[in-house]
Structures are given as structure tokens and as C-alpha cells.
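**Student:** Protein chains in written order, with my numbering: chain A, 1 to 328; chain B, 329 to 675.
These aren't lab readings, by the way, just hints derived from the structure by calculation. These numbers come from a predicted model, not from an experiment. Glycine included, each C-beta is placed from N, C-alpha and C at the ideal position. Treat the hints with caution; some may be incorrect.
[Stated by the list, open to error] Computed beta-carbon distance windows for the label pairs:
#1 A:ARG15 / B:ASN442: 32 to 42 Å
#2 B:GLU564 / A:GLU51: 14 to 24 Å
#3 A:HIS139 / B:PHE515: 43 to 53 Å
#4 B:ARG392 / A:ARG15: 34 to 44 Å
#5 A:PHE86 / B:ASP586: 36 to 46 Å
#6 B:PHE515 / A:GLU51: 40 to 50 Å
#7 B:SER647 / A:PRO298: 52 to 62 Å
#8 B:ALA532 / A:ASN315: 20 to 30 Å
#9 B:GLU342 / A:TYR34: 47 to 57 Å
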Amino acid sequence: MRELSYAEALRECLRQTMTADERVFMIGEDIGIYGGAFGVSAGLLAEFGKERIIDTPISEAGLAGACIGAALTGMRPVGEIQFMDFVALSMEQIVLQAAKIRFMFGGKATVPMVLRMPGGSGTGAAAQHSESLENWFVHVPGLKVVMPSNAYDAKGLLRAAIYDDNPVIFVEHKLLYRTKADVPEEPYEVPLGKSKIVREGSDLTIVATSIMVQRTLQAAEQLAQENIEVEIIDPRTIKPLDSAPIIDSVKKTGRALVVHEAVKMGGFGGEVVSQIVASEAFDYLEAPVRRLAGLDTPIPYNRTLEYHAVPQVENIVDEARKLVQGGY
Amino acid sequence: MSNKESTMADLTKEELLGMYRQMHRIRAFEMAVYDGVQRGVIAGGPHLYVGEEAVAVGVCTTLRPMDYITSTHRGHGHLIAKGGQLKPMMAEILGKATGYCKGKGGSMHIADLNLGILGANGIVGGGLPTAVGAALSSKLKQGGWVVASFFGDGAANTGSFHESLNLAAAWKLPVIFVCENNTFAMFTPMEWTTAIKDLSARAAAYGMVGTTVDGNDVLAVYRAAVEARERALAGEGPTLLECKTYRFLGHYVGDPEDYRKPGEVEMHKKNDPLPRFEKVLIEAGMINKELMQQMMAETRQEAKEALEFALSSPDPDPSELTMDVRRPFKPLGDLERVSYIVEEGVG
Chain A
1 MRELSYAEAL RECLRQTMTA DERVFMIGED IGIYGGAFGV SAGLLAEFGK
51 ERIIDTPISE AGLAGACIGA ALTGMRPVGE IQFMDFVALS MEQIVLQAAK
101 IRFMFGGKAT VPMVLRMPGG SGTGAAAQHS ESLENWFVHV PGLKVVMPSN
151 AYDAKGLLRA AIYDDNPVIF VEHKLLYRTK ADVPEEPYEV PLGKSKIVRE
201 GSDLTIVATS IMVQRTLQAA EQLAQENIEV EIIDPRTIKP LDSAPIIDSV
251 KKTGRALVVH EAVKMGGFGG EVVSQIVASE AFDYLEAPVR RLAGLDTPIP
301 YNRTLEYHAV PQVENIVDEA RKLVQGGY
Chain B
329 MSNKESTMAD LTKEELLGMY RQMHRIRAFE MAVYDGVQRG VIAGGPHLYV
379 GEEAVAVGVC TTLRPMDYIT STHRGHGHLI AKGGQLKPMM AEILGKATGY
429 CKGKGGSMHI ADLNLGILGA NGIVGGGLPT AVGAALSSKL KQGGWVVASF
479 FGDGAANTGS FHESLNLAAA WKLPVIFVCE NNTFAMFTPM EWTTAIKDLS
529 ARAAAYGMVG TTVDGNDVLA VYRAAVEARE RALAGEGPTL LECKTYRFLG
579 HYVGDPEDYR KPGEVEMHKK NDPLPRFEKV LIEAGMINKE LMQQMMAETR
629 QEAKEALEFA LSSPDPDPSE LTMDVRRPFK PLGDLERVSY IVEEGVG
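Same shape as in the complex, but just chain B (with noise of 0.2 Å):
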């Protein structure tokens, strides 16, 4: 791995600053989630991105609409890079009712099936199931969508990475593990608790292919990704995609950081992606400083406006607490054959 960056790939002008705005935007929500927290507007210690958008933004731009994702404990930047609205992930995080899952769910649970998004998780390791299952389906219905499963590299070290993979691999499944390792499983870095340095390596013992790449180089992780949605849609199966990357901030805000080493966080910042990213762009003469300060500040304000729209929005209803706990039955039209084909939507 080596901090050269990739070419522009297959990408037009407008999808690269697609993306760099989307890197931006990630980065400017995840600080309006900080801000928040540090004003005791925010509870519940949420678990920032910042550091690895490169990741969830080069890995999104190769899913269409109708492709899944699952997501992590640390899920804002993927949830936003599948093209999650700041204003009802604020009020979710906020737990306002007009948050995507009215207050309920909170910065762990955020999902739009409409959008493909099947879930941030509150447990490491608990999405990769669900997007076999979901990929699984894919197969069933000859639907045509790949799964991109976004975990951690504390998650590859649980029974489910293990089972997921070899279902996946087993059933040519059109996954794309994404791996986002950024050196620490909570409050223990990598080393302490695992014998190899690339998780990709794990591929192999499940008969799948196996990339690991820089993670926070974008444009590296959107090639490798397009790489494993061409794979999964040939019917040739899963990819383990393992992306290096630095987590910046603490496991969830308030973290001491007690586990890093000195000079760690300033080494790697060094290596941020959006600096990254600005050199490619303005090398390529797309951007120039203008611009980004422009697409900067736009973003900004977005989410500071997204922080708005959550404070003055009301809390759910008393009323809301034992309402979808269980769906209700509804009576079917017996006994007619019933077709996946001409479903409509999803769930």
C-alpha cells in the first residue's frame, strides 16, 4: 500500500466532485454531531467517521438505487454516501419524531429501505447476515441488486464475519464485504488481538477474492469496488474488500483515547482523504481553491441547518412507545397465487 493515488478511473468531472462534495458533507455532519454532543444537545456518545469517508463515499458511488447496504454502530458517512438526508439522520440522532425511524432507533438504528439502506446495527458484527440474507434474495428474484455489507475490523474477528463469508461464498452471493479497518476494534488496536495484518487474507479460506487497498485513497476503493459489483453481478460471488483507514476521533465521543500511541493521530492525519482527494482534483485542474472553500462552507450549512431543523423539531408522542413493536395483521387474499415478480417495492 503507498499513499500514490489512483486515477481517475472511468469517472466524468461531475461524479469526481460528486464525490468530493459527498466526502465533505460527511465530514461537515459528523462535526455538526460533535458540536452537538459538546452542547448537550446529543446523547448517547455516537460514533463519528470522521477520517474514513473515503471509504463509504468511493464504495457508494458504484451502487445504484436499488442496491443495499448494511452498516455499523459507525454508519452516519455510509448512510449519507447511499444517500441519506442530513435533516431526518439529525433528528434521529436527535430523537425527534422527525427522524427517520421517528426518534426510535437513534444514531445506531438509522435505515431507509427506500433507499436501500437496511440498517445502521448496534452490534459489531450483526449486519452481515442480513445483507446474505438480502443478497440471497437477490438470487431468488433474479433482482439484479448487489449487497455492499460495511463492517469493522473488530466485526472480523466475530462468528458471524465467519458464517456470513462462507454462506456468501458458498451461494456465489452478490456481496461486497466491505472491511473498513481503521486499526482499532473500540479501545484495542488490531495488534493486540490479531495474528495477520491484512483481514483481505481471510478470503481465501472461504474460496473468495481477497483486496486490500488504501482507504483513504477514494479513488482506489471506488476501482476495487467496481471490481467486486462486476464479480457479484457475473454470478462469480462475493468479494472481501478490507480498506485501510484511520478512525480520527474517539470510539464514540467522550472517549479518552487512552490506546493510541503518541503522535499516532497527527501521523495519520497527514494521510486525511479529503486532502487527498483536493491534490488529485486540483492537479487534474477540475477544482481550485475557490470552489472548495465554496463546497466547504455549502456543506457546512447544510448541516448546520440539519442541526437546526432537529432541535426545533418535537420529541415522538408518548403514544409512539407501544406503537411498531409488532405489525399488525392484516387478511390476505387467500389462496391466489401469490408472485415476487409483481411485487411492488421492497419489505
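Excised from the complex, chain A in its bound form (with noise of 0.2 Å):
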């Protein structure tokens, strides 16, 4: 099959959704002519001209308010963060206004937006341009948060996000952008509020989101030397969460660890920690529920500590190694 980066299986499934519907279209920060801080829209202004795919001033409030009363008014936009960091500009509009809008109504209004975002670290470009705050939406009703890990993901999930009739919170990753996978031609939907087991395993249930998935998976293939064998599950949406096959992975194999990047206090994995210990899961558990997550410091500019500041492959392997070893 055709292999497509994650950054072009995005690009395809907008470029097919805005021909298929005149519903659909980009509204972000320098998304035109520059294509995107990421690339991502490059060359689609060509295509679609600059009525649908809509370069909008430093404006974050704007452009994401912007979204809601298109979406309000029978339009399906996709706004682009540039940053994820960036979004903190736009939280009256997310949290306050789009996300209760459909609720204060009482149901008599939909807001069928999408808001695209990178997030993550491991570019070097420090503190305000590398946080990982999905946690931050999935603490509010009526949003609904999306993170892919792989391309095939990325187009299925961008697809099902633009025909959901909520807005959607689409973490991208920075350092996905260039990874690879087969990714069919034809446009398809990867349903959101579907969890995917990812690897096979019987020793131990590995709950991954975004960069991490790829990072567990390496992890996995050096535990499989050790004759370890790891479970790995990609949420792929966090919020709904679809915690069955993870609680069903546990009782079979009796041990988790939850692995993000975001900061670990008050972080996704406590969630799903607590899912998991709230469960019948708790009756087949053989060592404590562990999570490894972001330390709970800004991200730093040298590349050495960025390092550091988040799970790496090394820091999976040790964790999944105690676990499962007796270490706790």
C-alpha cells in the first residue's frame, strides 16, 4: 500500500473533504500562502483559493469565535492553532462559549467544528511553543478531544472530527509529522470514541496517546527481547473515552502503566488510572497502576533537558521492566 506521512494524510483528507463539501473550510494563521507553521495546508490555497482556506490575523479569540458562528450557521470549519500553547488565547470561546453552546440552548443548536492544533515537545522551540494541554479540554463538557498517533489515524480521525457535530479538539503532534504509514487513497472514517489495541500482549496493558503510542511500541519491541510482552492501547480519542478494552486488557493481564507526555499531575493518565481502579479490573490487578508522564515543569530550550522533561523509549522499557518484574 502508499505510504503517506502523517502531515500529507492530513492534507489529503481536507483536500477530499473540501472538494466532496462546500461546507468545509480552513480558517488559521499564516495556513495560505506559507501552508502552515507544520505544513499542512501547503498548496491547498492553490486549490481552494483564498474564500476556503482563510489566513486570519494573531487573532486566536477570532479566529476559533470565528468558527462557532460558521458552524452555528450551517458551515463545518477547521481552524488551525498554530501552537498548541496558542490556544490559551482562545479558551473564552472554547470553554465558555463553544463547548456549552449546544447545552445553553437546549439543544436546539449544533457547533460542528473542528480546531486542529500541535502539540508536544521535542523541537527545541521551549516553553510557549511545546506544552501539551489536552487535558485542559477534556475537563470541560461537551468537547470532544482527539489525538493521533499515526497517519492512517490522523486521516481516518480528521474526517470523522469534521462530520461530528461537536467541536472537536484535534491534538496533532509535532514530531508526527514526518512518520509514515500506509494510508488508503480513498477517504474513510476512523470513528471517534474507538479505542485500538495496537500491539498484542500478555504481560502488561500499555495505555499510550500521540507520539507516545510510537514511543511505547519501540519500548516493546526491546521488552519482547526480554520475553516481556506488552499490551499497547491507543485511545485515540480521550474524551469520550472508550475505557472497555482497556479495562479488558487489564484483567488479562494484570498490570498497566499509562504513558503521555502532558505533565503528570492532574494529567490524562490519572483518568484513566482511575477508571482502571474503579473497575472489575481492581480484582485481577498483580502490581500498582502506574503512570509516566511529563514532569511537572515548563518545558525547557536545552535540548538535553527537553529530553529529560518527557517520557522516552529508555524510560518505558524501566518502568514496564519493574512492572512487571516486581519492582513495586
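Reassemble the complex: the two chains are provided individually, in unrelated frames, and hints are given to aid placement.
**Tutor:** Quick look at the structure:
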């Protein structure tokens, strides 16, 4: 099958969806001639024109609000926040408006909008261009939060997000844009709210999100050489969370580890752990349920410090080994 | 700005009397809400529009059903002027199942997309970006509608105001930014927080037309809104229309109102938009005392009936609590060409 990068897969989804559906348009900072900070919309301006690939001024609140108004009046906007960090400037519109409008209006309105935003560290861009803020949105009723970990899911999840009738926060990862996977040419949807078992194993369940799925896959190869078989689950949509496959897996393996890049304190991993220990899987646990996540510190500029601020493959290997070998 | 009344513009007698009735309807509704708070049947300290009726009626008289508005925390007047019905409005304010939002929104979130009402709003300045988006839709779909975005002098000092006016001007969107300058941002007089007197001066910074009108003169508001609307429909972009008015009641019902200067309310009550419009209509021979009394009585009766309707309506069922948070997934007719041209309705 044909390989595409994560960025190319997103672009193909956008191109196909916009070609087929006049309600879909893109809006964001430098998405036109520049093609977006990470090149996702490269070439789309020439194809669709300025009316549908809309460059905004540096107005994160304004562009999020423009998506809301357009969505309320029949469009399906796809907004791009250039770096996830900048979504802090859009929070009023997302949290106090978009997320609540349907409920506040008694179910009489829909807000079918997607806000795409690249999160994550690893590019040397320091503390204001490297954050992983997804859990801010998990805590807000009315939103959905999607985190594709590979090019195939990126294309299918984006289509599902565009056709969802709710505001969707679509969190991409900067280091994944160039990673490749087999991606079918025809349009397809990966449904929101469906976890995926990425690798089967019997000794330990690892729930990982976004780039941590890739790092966990590498860790699992190393662990397999030590006869430790890891089962990896990628929730893909962290809100709503499809926890049943996670609980089933923990019942099978008796051990669980959650890995994400965002800061551990108050992070999404706490929710996953809570759902595991509150379920029937509790009776099957043979070890404490653990989390491996970002340190409670801003992302530093220095590359060595940056590397150690978030989980790396060797950290996952160490933690998994310790869990399976009775180190806790 | 003077208190000299505008001419009748192009309005027919029927339209003028309709505007007059609408202003009374808003006043009667707000006073019924006020009474409801005093009687203890309405909670939440609603924000009343008494004294500002000429702005909503002057602007909304220029709008068609297909046009949209965004409103504010002080939104009852805008909603009534855009066609909102008193019974479901009052029921919403009482949190009843028969309200516009099934009792889930309350006074600050009343909406009806079928009437072009994109919602009142509990966040000062929160509705302006939505208005820009709805106007962007109008442009993309060639829908032909305009969007009137109501907000106050307080909102004019938010970041959303700046971003929204700039976007709408840059893209020449059909928006009428209606600034209701009632001289107070919540409990703080504008001169304490703002170095300019006329907020419409800010329009120049965005490259749009800015106008200040006497917001208690319904015909002056109407005439300025007509011009703004014509500019919007001609593709000449947005207008910042500042309407100078005054809030007769507190920020909310129960506000101690310590921030007012002595005699200030009494002075402004001499400039009440309702008697001013009455005077014009009487001088034009369109209305007499009898007809005035009749309209006042009828609108008071409507408001009273709305309150009775709300009081006799049921509370929402507890099962409603978790409904309407998100729209459930519905499968789509995949891959077929979807066109917004043939799409029905809104939303």
C-alpha cells in the first residue's frame, strides 16, 4: 500500500473533504501561502482559493469565535491554532462558548467545528511552543478531544471530527508530522470514541497517547527480547474515552501503565488509572497501576533538559520491566 | 448629540406604531421580570434593559427574519425586538421546561436560531467573535444575511472587541457592531476606565465607518442602522454604531447602585426613550392618549400572562440534566457531494 506522512495524510483528508463538501473550509494563521507552521495546508490555497483557505491575523480568540459563528450557521469550519500553546488565547471562546452552546440552548443548536493544533515538545522551541494541554479540554463538558498517533488514524479521525456535530479539539504532534504509515487513498473515517489495541501482549497493558504510542511500540520491541510481552492500547479519542478495551486488557495482563507527554499532575493518565481501579479489573491487579508522564515543569530550551522532561523509550522500558518483575 | 428628534425616515404609520408597541412590550416584560424577582419567583439577578429600548427596536426594525443577532447578558430587549416570544422567554427566566432552552440556559443564554437569535451571552464581549463567524458564513454561502452584534461600553474594552472588529473590517463582512453605551461597565462609570468619550472613534482604527447616535431616539438609531445595513449588503463591510443611552435600573436586580451620581437617574429619566417617541407620534397625529394607554395596557397584560405561563409550567425532568451536552453520532450518507446551497434551515 501507499505510504503517506502524517502531515500528508491530514492534507489529503482536508483536500478530499473540501472537494466533496462546500461547507468545509480552513481558517488559521499563515495557512495560505506559508502552508501552515508545519506545512499541513501546503498547496491548498492554490487549489481552493482565499475564500476557503482563510488566513487570519494573529487573533486566536477571533478565529475560534469565527468557527463558532460559522458552525452555528451551517458551515463545518476547520480552524488551525498554530501551536497548541496559543490556544490559551482562545479559551474563552472554546470553553465558555463553543462547548456549552448546545446545552445552554436546550439542544437547539449544533457547533460542528474542529480546532486542529500541534502540541508536544522535541523541537527545541522552548516553553511557549511545546506544551501538551489536552487535558484542559478533557475537563470541559461538551467537547471531544482527539489525539492521532499515526498517519492512518490522522486521516480517518480528522474526517470523523469534521463530520461530528460537536466541537472537536484535534491534537496533532509536531514530531509525528513526518512519520509515515500505509494510508488508503480513498476517504475513510476512524470513528471517534474507539480505542485501538495497537499491539497484543500478555504481561502488561500500556495505555499511551499520541507520540507515546510510537515510543511505547519501540519499547515493546526491546521488552520482547526479554520475553516481556506488552499490550498497547491507543485511546485515539481521549474524550469521550472508550475504556472497555483498557479494562478488558488489564483483566488479562494484571498490570497497567499509562504513558503520556503532558504533565503527570492532573493529567489524563490519572483518569485512566481511576477508571481501571474503579472497575472489575481491580480484582485482577498484580501490581500498582503506574503513570509515566511529563515532569511538572515548563519545557526547557536546552536539548538535553528537554529530552528528560518527557518520557522517552528507555524510560518506558525501565518502568515496564520494573512493573512486570515485581519492582513495585 | 441633541435631543432633537429625527424625522420619520421612510417608515409607514403601521411600522412606527409597531416600533412603539415593541418598546412598550420590552419595558412591560422587564418590569414583570423585576416584579418576579421582588416576589421571589425569579432567581439569578437578571440584567434588565429598561431605558435602552430604543436601541434594540431601532436596530431590529431594520433586520429581516433571515438576519442574525448576537446578544448580551442584558439581552431580553434584543430578543423581543428580533421576534422572541414572551412566554417561552419568561419560562426560560424561571428555569422551566417550556422555556426557549428547556430551562437549561436561563436569562443570559436565551437563543432561537430559527428567529436568527444566536444567543444572549454571559460573557462580556463573548458574542462578537460569533457574529464575525456568522457573517463569514453569509459571505461564503452568499447567504445575503447581515449580523447585528449588540454589546456594551464594557465589552468595547475587551480583546474580543478588537479582534472581531479587525477581522470583520479586513474581510468586509456584513456586521453591524451595535455598541450600547449605557455609561456603566457593570458598576464602574465609563469615564473611570476609558479615555475617549465616543467609542465610535475606535472605528477609524479598523478602517470602518463609525457613528454615534442618540440611543434614546429610536428613529435616529433606526436611520443609522439602515445605513449600516446598506453598507453591509453592498459589500462595504461593517459599521461601528454607538448608541448613547442610560441604564435606568441597576446592573442586576438588587444592585445597590452606589456608583451613580446624585440626581443622575432623575436627569436621565427626563430623556426616557418611550415618552420621547410618544411625543413624535403625537405631533405627527399618529397616536393619541387613548391609543397609548391601550397599547400600554395590552403589553402589560402580555407580560403578565407570560409570567403566569411560566409560573404554571413544569420544571425540567431531572433526566434532562445530561441531555443536550453533545449531539449523538449520526451516520452520514458518505462521500456524496454535499452542497450548502441545497441545505435547509440553519445549524
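**Student:** I'd like to know which numbered hints this structure contradicts. Please list them from smallest to largest.
**Tutor:** Failing hints, ascending: 3, 7 and 8.
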